[in-house]
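Peer 1: What follows is each chain in one-letter form.
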Amino acid sequence: MNRYTREQMATRVARDIPNGAYVNLGIGLPTLVANHLPKDREIILHTENGLLGMGPAPEPGAEDADLINAGKQPVTALAGASFFHHADSFGMMRGGHLDFCVLGAFQVSITGDLANWHTGAKDAIPAVGGAMDLAIGAKNVYVMMEHLTKKGESKIVAQCTYPLTGIGCVSRIFTDLAVLDVTPQGLAVVEIVEGLSFDELQRLSGVPLIPQRSARAAD
Amino acid sequence: MINKIVASVGAAVADIHDGATVMIGGFGTAGMPSELIDALIEQGAKHLTIVNNNAGNGDMGLALLLKHKRVRKIICSFPRQTDSWHFDALYKAGEIELELVPQGNLAERIRAAGAGIGAFYTPTGYGTLLAQGKETREIDGRHHVLEYPIRADFALIKALRGDRWGNLVYRKTARNFGPIMASAAACTIAQVREVVNLGDLDPEDVVTPGIFVKRVVEVPAAVKLVAQPGAAA
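For the record, the sequence lines run as chains A and B. Heads up: the first sequence begins at 1 in the numbering used here, then just goes up one per residue. Heads up: the second sequence begins at 1 in the numbering used here, then just goes up one per residue.
Treat the hints as calculated values from the structure; they're not laboratory data. A virtual CB, placed ideally from N, CA and C, is assigned to each residue, including glycine. Heads up, some of the hints might be wrong.
Sample of chain B residues lacking proximity to chain A, with all beta carbon distances greater than 10 Å (derived) [stated by the list, open to error]:
#1 Val6
#2 Glu108
#3 Ile180
#4 Glu218
One-sided excerpt, in silico: chain A residues whose CB lies under 10 Å from chain B [as the list claims (entries may be wrong)]:
#5 Ala77
#6 Leu78
#7 Ala121
#8 Ile125
#9 Leu201
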């Protein structure tokens with residue numbers, strides 16, 4: 001089966017982030033998006049530990065232990081960057097100032113519920129970080145994930161079985177098979193990887209999807 | 001004359017009592033007041049409740065405090081990391097209580113304590129496990145959860161420079177929890193890389209005004225630390 005590579009997924013997400021946007025990229029797969037933002041757009045990256053205007057990783061040897069991202073990796077600060085404390089940083093999310101966040105997920109429901117912090121397993125040590133704040137705070141919540149689990153189960157579900165991060169918070173889902181919008185009518189297909197039919201996507205997803213044409217007609 | 005400068009980290013933490021609630025600044029190791037924590041380990045206070053974003057990294061600072069079994073309870077947002085083995089072992093053995101708080105709620109609960117807010121409604125966490133049993137209210141068509149302040153007996157924080165009035169400036173993303181924790185504790189102790197004369201800090205640049213700080217202790221920068229990649233937030 002044809003799939004988007006991780007780099008193609010990152011490129012696709014980046015295409016949907018407009019010039020001038022304030023954006024938070026989650027840990028893991030979403031971090032890749034930073035490398036694919038179109039060069040002709042000025043996009044300001046937010047990292048929740050207290051930096052707007054985050055730049056790329058420093059040259060080897062130039063790492064600064066006081067200048068890190070949410071994943072605790074060394075980063076740089078661009079000209080125009082600003083530092084702030086944690087309450088301000090999360091006020092930027094909760095207060096609706098952040099235009100986009102891109103998060104990974106275990107599951108997303110057809111109504112946009114997100115599960116991405118805890119498997120619920122009894123022996124697992126839970127950790128949540130800023131996931132719940134981003135989920136309810138950013139104006140647009142993009143999810144970037146593989147469409148299927150390693151066992152082939154759909155990560156797009158009628159109802160999340162993992163503990164929730166946020167309710168009805170996801171606006172668009174980018175997977176290795178398709179791009180889907182959460183709409184009041186249901187999950188609408190925006191595009192499908194080349195060579196995969198709508199019927200096949202729907203079968204793999206296991207939930208009702210709205211095909212592209214009618215999705216467009218509904219606009 | 002007001003003089004908040006304390007001669008040593010040992011003197012700075014000498015009166016932290018058993019059972020105290022202690023906020024510790026830092027996000028991972030950025031902004032972590034490691035020398036103050038080392039002094040606290042040396043001092044021996046136990047049954048502590050610790051407030052920090054994480055639950056220790058590697059074999060330094062907060063992780064060592066945990067290893068020495070001085071901590072009864074930890075309030076944090078992201079305990080599990082690739083290098084949180086001391087916390088992981090205590091948690092699995094049932095030897096430490098964990099209150100897991102979404103990171104923004106943790107920050108705002110600390111800020112609320114410092115600002116004298118009784119409680120606040122926030123949309124973060126509504127409908128999730130972390131809001132179970134909490135009061136909720138619909139405000140302007142949106143569901144909110146009632147959250148209470150977190151205040152502390154002591155806060156241990158790290159800043160770049162401080163003066164004898166307790167004014168502080170920070171360095172880059174090591175600022176993180178410092179300013180809000182400083183306001184939320186009855187006694188805030190700041191370790192600074194450099195103590196400067198009154199007037200050397202431009203009032204326009206002061207991040208934490210001295211009113212929030214009780215003690216300042218100079219700890220010159222040691223060897224350069226390099227961030228450990230791979231540990232999640």
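Peer 1: Against each hint, give a clear statement of whether it holds in the structure.
Peer 2: Hint check:
1. Val6: holds, 23 Å
2. Glu108: violated, 6 Å
3. Ile180: Given a closest Cβ separation of 5 Å, the condition is violated.
4. Glu218: Nearest chain A Cβ is 17 Å from Glu218 of chain B, so the label holds.
5. Ala77: holds, 7 Å
6. Leu78: violated, 13 Å
7. Ala121: Ala121 of chain A check fails; min Cβ-Cβ to chain B is 12 Å, beyond 10 Å.
8. Ile125: Because about 4 Å separates Ile125 of chain A from the closest Cβ in chain B, which is inside the 10 Å limit, the hint holds.
9. Leu201: violated, 29 Å
The structure fails to meet hints 2, 3, 6, 7 and 9 from the earlier list, while all remaining hints are met.
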